[in-house]
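From first to last, the protein sequence lines stand for chains Z and V.
Each step along the first sequence adds one to the number in our numbering, with nothing skipped, and position 55 is 55.
Heads up: take any position in the second sequence, counting from 1, add 276, and you land on our numbering.
These are calculated hints, taken from the structure and not from any lab test.
Incorrect hints may have been included.
As the list claims (entries may be wrong) - Just the calculated beta-carbon pair ranges, DEER-fashion:
hint	chain 1	residue 1	chain 2	residue 2	range
1	V	A325	Z	W153	27 to 33 Å
2	Z	L252	V	V298	27 to 33 Å
3	V	W284	Z	E38	43 to 49 Å
4	V	V291	Z	F232	32 to 38 Å
Claimed, not checked - Now the stretches of chain Z that chain V is said to cover, found in silico as 3 or more residues with beta-carbon under 8 Å:
hint	region
5	134-143
6	159-173
For every residue, glycine included, the Cβ atom is placed at its ideal position computed from N, Cα and C.
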Amino acid sequence: MNARSRTLLAFRVVQAATLAALLWKVAFFVDAAKLYYEMPLRQPFFPAFFQSALTFASGYMAAVLGIGLMLIAHGPRLRQVISWLTLIALSGLCLHQGAYNDATFTTAWWTTLWSAWFAGRMRIDDESLLYRGTRLAQAILTMILLGGAVGKWTAEYWSGQVFYEIYFIERDFWLFNLLRARFEPDRLGEIATWYARGVIGVESVCGLTLWALPRRVAAVISLMVLPSIAIFSSFYLFSVVLSLMGLAAVGLLVPADVRANAKNEARENLTPTRCD
Amino acid sequence: MSNGRPDWTYRSIIVLIAAVAVWLLSMPFCPFIQRTALQRFHLQTDWFAAWAMQAPVPAMYSFHNRYRIESQPWDATFFERPVTGSINHFPVRLYTFAETRPLLLPQTNRRMLTLQSRYRGQTLTTRWTVIELKDGGYELVDEELTE
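Bound-form chain Z, shown alone:
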């Protein structure tokens, strides 16, 4: 597979993953759009545009359509234009009264920002593009995991109290149902403590180190950690992590020789040139 094919494959993997993320809860989002029409909520904080059910519905449809088109589009200029338009649609969803809280759109926003940059550079056909794309993807993944970790650096999370209240008391999910069936409430509290510490530990370590790890190692770790977040807390979270898994997968597509070339290129750029 030549450099151009690998680059195109990387772009399409990210689009396929982001599309899957946006469609993971499609039935819920369709119902949400209907509900926002039927039960409007006036709230002075949000401008009218960002309270409108029409903004939500059209923003969601534009984002899904845009990423679908990015997946199949052939022209590099077309891909780039659609990427930026899709980013605008996702920006609207990140600010909408009925969607701002859903991290599905936050992670899709970052992934599409990566895609908009990547699509623009594909026209230039640079051999080191995939290498730099992986580096940028790693930086995005690190920052997003760091965001999850920092918000949990509190005594209430560390003790397990927050996860106990959110998940362990009554969340209907295979893991918590299983634990409730097997353990008494006191023991559940202890398990919640170690569950919380495991989550905080993994997110913190990844959120501080992922950017510095070798590409393939970072990709493999990300592809293990991200789905585990959904598998062990809520399958709905696949809508949040799928787009990030697409970004992580880019690291597996960088061939060893391109990484070596890119490093040599960087070293040459740093070496002072003699002017005889």
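Got chain Z; can you put chain V on it based on the hints?
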């Protein structure tokens, strides 16, 4: 740099990521950032534009967010107990998001929501009241109780 031309988009994204990372890493130590983040969660930022600028900052499952849904004081009866619990993030979503909006807004006996978020010594408490509009729909009125 590639093909001799600087890649300004790439550099801009790296700067944005670095800025978000610095903001996040400062949060445990900086009361200003803690207050700003809590106000973001409770939709209490002074300007919508300042709130919107924080949208790229990831905040999944952050802070200890608790809620209490109850009757308004003059409507309360002994039998209507408050509904309490914890929520993972952006607690005002109890009313704004489609998941719970249809369950909570029509509840005529519990139209007052009190939210409290805590992070490393900082606490923000807000109260939200639901008003049913004559022309259909609802209005959400809020007040900040403590900071």
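Results for each hint:
A C-beta distance of roughly 28 Å is found between A325(V) and W153(Z), which places it inside the suggested range of 27 to 33 Å. For L252(Z) and V298(V), the Cβ-Cβ distance of about 30 Å falls inside the hinted range of 27 to 33 Å, so the restraint holds. Range check, W284(V) to E38(Z): about 45 Å between beta-carbon atoms, so the 43 to 49 Å window is met. At about 34 Å, the beta-carbon gap between V291(V) and F232(Z) stays in the expected band of 32 to 38 Å.
Under a criterion of three residues with beta carbons nearer than 8 Å to beta carbons of chain V, the stated coverage of the region 134-143 of chain Z is upheld, 5 such residues being counted. With 4 residues having a beta carbon nearer than 8 Å to a beta carbon of chain V, the region 159-173 of chain Z meets the requirement of three or more and the stated coverage holds.
Violated hints: none; the structure is consistent with every hint.
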